[in-house]
Each structure stands twice: as C-alpha cells, then as structure tokens.
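Since chain L is already given, all that's left is putting chain A on it; use the hints.
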Amino acid sequence: MDLLKKIFIALGSMDRRFIFLLVGLSVLLPKLYPDLFTLPIKASSHSQRVFDEIDALKEDSKVLVSFEYGPSTKPEIHPSAIALLNHLFSKNIKVYAVALWPDGNFMATEAFSQVADGYGKKYGVDYVNLGYKPGGEAVVKGLASDIRTMYTVDLLGNDIDSIEMMKDVKNLLDLDFIFSLSAGYPGSKEWVQFACDPLGIPMSTGCTSIQVTDIIPYVENDQIKGILSGMPGAAEYEQLVQDALNERGIVVSPGKASINMAAQSMAHVVIVLLIILGNITYYLTRKSGKKGGM
Amino acid sequence: MDYMDIFGVWLSVFLTLSIFSYLYKDNPFYKAAEHLYIGISAGYVAVISFWQQIQPNLFGRLWPRIDANADMGMFKSAWYFVYEILNWVSTLGGWLDRSIFPANGIKGFDGISWIYIIPFMLGIFMLLRLVPRLGWLARWAIAYIVGMAAGLRFYGFLNSDVLMQVKAATVDFSGDWWSIFNGLILLIGTLSGLVYFFFSKEQTGIVGKISKIGIYFLMIKFGASFGFAVMGRISLLIGRFDDLIVSNSPQNYYATLWILSAMIVLLGIWAFFDKPETEELTV
Chain L
1 MDLLKKIFIA LGSMDRRFIF LLVGLSVLLP KLYPDLFTLP IKASSHSQRV
51 FDEIDALKED SKVLVSFEYG PSTKPEIHPS AIALLNHLFS KNIKVYAVAL
101 WPDGNFMATE AFSQVADGYG KKYGVDYVNL GYKPGGEAVV KGLASDIRTM
151 YTVDLLGNDI DSIEMMKDVK NLLDLDFIFS LSAGYPGSKE WVQFACDPLG
201 IPMSTGCTSI QVTDIIPYVE NDQIKGILSG MPGAAEYEQL VQDALNERGI
251 VVSPGKASIN MAAQSMAHVV IVLLIILGNI TYYLTRKSGK KGGM
Chain A
1 MDYMDIFGVW LSVFLTLSIF SYLYKDNPFY KAAEHLYIGI SAGYVAVISF
51 WQQIQPNLFG RLWPRIDANA DMGMFKSAWY FVYEILNWVS TLGGWLDRSI
101 FPANGIKGFD GISWIYIIPF MLGIFMLLRL VPRLGWLARW AIAYIVGMAA
151 GLRFYGFLNS DVLMQVKAAT VDFSGDWWSI FNGLILLIGT LSGLVYFFFS
201 KEQTGIVGKI SKIGIYFLMI KFGASFGFAV MGRISLLIGR FDDLIVSNSP
251 QNYYATLWIL SAMIVLLGIW AFFDKPETEE LTV
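Going down the list, the sequences are from chains L and A.
By this note's numbering, the letter at position 98 of the first sequence is numbered 98, and the numbering carries on one by one without gaps.
By this note's numbering, the letter at position 40 of the second sequence is numbered 40, and the numbering carries on one by one without gaps.
Simulated from the structure, these hints should not be mistaken for lab results.
Among these hints, one or two may not hold up.
Straight line, CA to CA, 25 Å or less: simulated DMTMM-like cross-link-like pairs of lysine to aspartate or glutamate [to be verified]: (1) A:K107 <-> L:D146; (2) L:K167 <-> A:D243; (3) L:K170 <-> A:D110; (4) L:K91 <-> L:D117.
The shape of chain A in the complex, shown without the other chains:
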C-alpha cells in the first residue's frame, strides 16, 4: 500500500475519532475536526459550483468559443475585450495559467446568450455585499432568488403536495373493507390534523375534541420520525465502525488502535488540566 494511502487512512481515523470524542465532552480534537469539516465542505462546494455551473453555463454562454480569424465587428470585439480583461484579472495580470477564460472563448455553446447578462450582474451584486457602501445592491439579487424560488416551488407543491395529496385522501368505497377502513383513518387523520392547525377559532368544544384527535395523529407521525431518525443515525454509526475496523488492519499499521490510545491519553491529560468553568452542563 502506498504511504499516501496509509496517511489518508490514519487521517480519516483521526478525524472520525475526533468527532466521536464529543461524546465524552467538548474538546480541542472535536473542535479541530469540526472546523476542518466545515471549511473543507464550504471550499469544495464553492470550487465545484464554479467549475460545474458558473464557468461553463454562465461564462460559456456569455463568451462562447469563436473563430479567432473571423471578422467579429466592433461590438463583438469590444465584448470579447471585456472577456480579456476578466482573464487578466483572474490570472493576476498573466501571472497564473489561463484556465477560467481560455483563449477565443469557452467551448460548449454556439452564440452569445445576452439574457445571461442579468444573472451575471445579479451575481456581481451579491458579491457587493462585501462593500459596505454598495451592499444594498445585494438585496436585488436576494429578491430575485427569493421570488424565483417561491414561484418555482409553489408550482411544484401545489401540484404534487396539495392537489394530488387531497385526491389521495379521498375514500374509495368501491374497494375492500380493509382499504375503506384505511382510507377512513387517513381521512380522519388529515382532517383532524388540519383542524389542530386552524387557529382562527378557539379550540374548545367540538373543535377542541377534533384537534385533540389531530394531536394523537401528529404524535404518531413524530414518533415514526423519531424512530426513523434513530435508525438512520445507527446506520451511520455502523458505517464509521466499518471504516474503523478496516483501518485497524495490519496493512494500515493498526491505525485505529494507535490513534484511539493516543487520543484517550491526551484527552485524559487535557481533562486533568482543563479549568472547571469550561465544564459543560449536565443534562
């Protein structure tokens, strides 16, 4: 096995055990692993989003590949001059390799899609949040995102979650007794659950009784959710244990055993010297 592979295994074991060490109490190992995880995740998402979406789908549409020898006209030449300025900035004046803005445009699309100037501008507005005097421009971009997302999701929810679910809640009396019984329970559960969330009338009398039935249905739902959540967390624990067991093989120089032992000793020393005011509250 390659030494870099072994280093990778030891690192993954160290980070896994660092996260698990929180079960003892909050400690420097956990904090280091947590910060590393958040930083790497954010960095990875930012890089991959740029190279998978912004570069090919936004820049690629605004500055598609062109024939270097073709006569472009003044306007198009000026547009591609902007492209070269962006390239100059992104390569720190030619110091870095040309990668984001390759020569003669980006491969993928045929003609310039001018409409994409709008998302390009909104993206710049979003970044202007870092400039206090121009930060207000970011609101335009946020307004667009909120409006677009609300409209898009409304359409999806209305069809799949409202109309089709209302249809599903109807009782089919042409079925067998068992399906009718099931349908009735579903209908009672849906209606009583909705009554519980109806706050325009005081929940007393008949409304109170129906809403109480709704509470029972909701409790069953929450119980099921809790059960499934526990099941999921145990599955993830099994996954980590799987990796820890594999990492403890002789090929990996018993990484789990060594790191676990070292961590227990170091945590013991740390706990001994830790000041009492940082002690966490007991549950």
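Bound-form chain L, shown alone:
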C-alpha cells in the first residue's frame, strides 16, 4: 500500500512537460493512425435543432451568415461554416455574408471558395460577401435599421446597389434567418441583443466551446434556435448534413470536425485521467502533510 502511495505521490510531482507531452501524443496518435481510433458521432438535441431550423427554410430564402472568428479559432468553427454552406447551397438558399471580426473576411472568402463552385453558385446572384465593418454591436444595430448605412460596397468593391441579390434587401427584416459563427465579442450575444430579439428574426449559432456556457441560456429560452458547440457540435452537424445530402443524392465527404473527433475524445480521456490522478495525489500528499507538485 505504501508503495502505491509513493508511486502516486511521485506521479503527482512529475514535471509538467510530461503532461504536455502526454496530451500532445493523445492528439497526435489518432491523427497518425485514424483507423485505430474510430468513434461514432451522435447528434445532440442542440445540433439537431440547428439542422432542423436550416432544413425547414424554403428555397430562395435569405440567410445572413456572420463570420466572427479568425485563424486562431478556425479549427473549432470553420467546419461548421463549411457544413452550413453545404446545407444552404444544397437547398438553393441565398447567402449574405458579413464579418464583425477583421479576420472574418478571410474565413468567409475561404469558406465560399471551398463550397460555392461545387453547387454551381454564382457570386452576386446566389451569395454575396459584404465584408468586415468595425463597431461590433453598432454594426449589428446599423444592419437592423438599414444595411446601406453600413455597407456601400461589398468586399470586392462592387457598388452594393449593383448586386442583384441586394436589390430587395434594405435591412435585416428582409432576411429569413441569421447564423452567427462566433468566437467571442462581438458575436452571437450581440446578434441576439440587437437584431434577433428586437426584430424577431430566428437565429442559430456555431460558436467556440468556451462561449457555450454564456450562450446556452439564450438557447434554452429559445432566443437562439440551437447551438453548434465547438468542434463536437460542428462534427455532429457535419454528420447530419452529410446524411441528408447523401439521401438527396449529393455526395459529400466527411468533414474536418468529424475526422478530428477521435483525437478530441482521446485527449479528453487523458485529461480526465490526469485530473483524477492529480486529485488522488493531492489527497495523499495532504494526508501525509507533504506538498504535491501537481
């Protein structure tokens, strides 16, 4: 028993760099040997809600997609963006992109270039990228009253009035749905507070994991119609979209989030084990009056 105790205490005082190495390996191994680490993906009620809301939109509906993330949070949110555009374009829904983050311009451009051509969608007719405007909630409020007070040209410098799909759009009330791809401030919260709640426009979100506990009260209260929570949420939505499109005869390969979920799960297992180990060590060292190093 004493030996076991000593082992636990020794493990507890191990160098933190070994923990980083363990976590790194738990991510790297499933990436290098994906066949050994396949795990099923089951959609949560929140992801299912997002899918149902988008799927219920009619052809030629107008959806505003706001890109509020950048390269630093791309792995968590970009898969949601790709799956969302696949879903929207497969249903011939018109997409209006804006960015509340400067890096959102890159993300939007990349997402459209990845998806639009596959569905034969034309810029200005089926989708438009209005680009970034600084101001956060002031921009959202401006869009709610008159888009043209905020945007006179799109991201490519085209006069907004010369764009075909902008002709019938004066403000957010002319749109059917808002989807916020959010990594923080300004983001989903601002869309709820300054657009969706005051105007009654339905909205869903795909956000970073760290934001989930802040956003979930809006979801539970139906102010936001479903949430894609970080990479797991993106993977679930990817799976739902892939199944739906395959049923319609459109072949879509598995998304990036789905591929990465094994690595995510393995890392979680390692972290949980380390937390348990840390607690045992803490308990033992406290009991024996020593100070643990973990």
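Only chain A this time, still in chain L's reference frame:
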C-alpha cells in the same frame, strides 16, 4: 508548388513551433513569434478598420463624390479645399499616389452629411492624446464612447439578458413532471445564486444556507466552463497539428521535421548557455 507558397508553409511551421516552444519554457523563439503576432494583428486591424470604415463611411460621408464641372458655391468649394489639403498631407505633398482622398470626392454617398463632423472631430481629439498639452481633449472622445457604449449595451442587456431571462426562469406548471422539475432546479439555482451576490446582509442563518446552495450552482457552472474551455483548447491544438502534419509532406520538403529538429538543437544550446537567474519558477 510555388516557392513563395513553400516559404509561407515553412514560416507558418516555424511560428507555430515557436509558440509551442513556450511549453518547454520562455525562450527567444517564443518571444519573437509573440511580438510578431501582436504587431501584425494590431497593424492589420488598424489598416482594415481605416479602409472599411473610416475612409468610406466617415470621409465618404463628409466629402462625397461631386461633379467636377458643377457650380458648387463658395462654402462647398472651401469645404472641398479642406479635402484637398487632407489629400496633400496624406500623399506627403503629392509624393505618394492619391488613394485615401480620390479626385472629386469619395464614391458611395450622395450629399454631405454634416453631422459626421462630430465623430471626425472626436477622432482627431483621440489622436491628440499623443500631444501632451492637448491630451485632455481625448477625454471628450473617450467620454462619448463610454457613454454611447453603456447606453447601447444597457438597452440590449435589459431586454435580452434581464427581462427575457427572468421570464425564462418562471416555472410552467402546465408542463410534464420532468419539465416542472427542471424549471424548479433552474429557479432555485437562479435565486440562490443571486442571494450569494447579495452583500447588503451578512450571509448567516437562512441567507447563509441559501447562498451556500448558490455556491454549488456556481461551482457547477464554473466546472462546465472549465470543461468547455479545455475542449476548445484541444480543438485548437488539433487544428495546429493538422497543419503541421500537412506541412510535413514531401511537397513541402518536410518542413515540420526540419524546423522541429533545428529548433530542438538551438533550444538545447540556448538552455545550456542560459543564465540561471532567468530560470522560470516551477509551478
């Protein structure tokens, strides 16, 4: 693959591994990558904010495009003379190309919006912070921003975060048993959490007991937040590993492998010669 593309891949691998090198300890690679990241981010945001907002939406409203042949009158001519002075300054006396203030005004809006002189002036006041004698004028701009932001956010919070959430915390007794149970937990959690933050009465007796229940609910919230934060960080790590694996392909001349090896050797040499007083404290 283009050589510039390959250089871009090698650079991104170098910067990623430089940031990761902090896991070993603070070192020159990490510091260089950190400074570069902050500098580029700040520069990029400044440039894009200027060209996406200030130039088209502020200058464009103050000096919209005009017909060069039309008779403008003395006042308007004087106003556009100011525009030409600004152009002269921005092009360093005509040395640079005319881009911020194009000839005959900025395309986008029809008439001059005089009200936009106020934000224009406040913007100038903000910059005056760099001039010690006139720095006090920046307070006006800051006061406006704080006041406007507080008012705007108050409206949003009151509606979406207070009124609608209070409504959501009510228990619907017409639902099934499970939803009533859930509603009651939510109500107890909300009320006890609020009592914990009620500091006008000493937290003893019944108030203390209720606030203790509030602490448990808060601990659950913090636990969930921590879990989600860990989940998010692991997702980002996966993203970087994805890029490092792709960058290690033969097309990229095994960028990850080469840079990682070189970095380990250089960090080893650096650690060997590093003075002990710069050693970081152990956790």
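These are the hints, each one checked on the structure:
For the suggested pair K107 of chain A and D146 of chain L, the alpha carbons sit about 19 Å apart, so the restraint of at most 25 Å is met. Pair hint K167 of chain L plus D243 of chain A does not hold up; C-alpha atoms about 41 Å apart against a cutoff of 25 Å. Between the alpha carbons of K170 of chain L and D110 of chain A the distance comes to roughly 17 Å, so the proposed pair stays at or under 25 Å and holds. Under the criterion of a C-alpha separation no larger than 25 Å, the hint pairing K91 of chain L with D117 of chain L is consistent with the structure, at around 15 Å.
Checked against the numbered hints above, the structure breaks only hint 2 and satisfies the rest.
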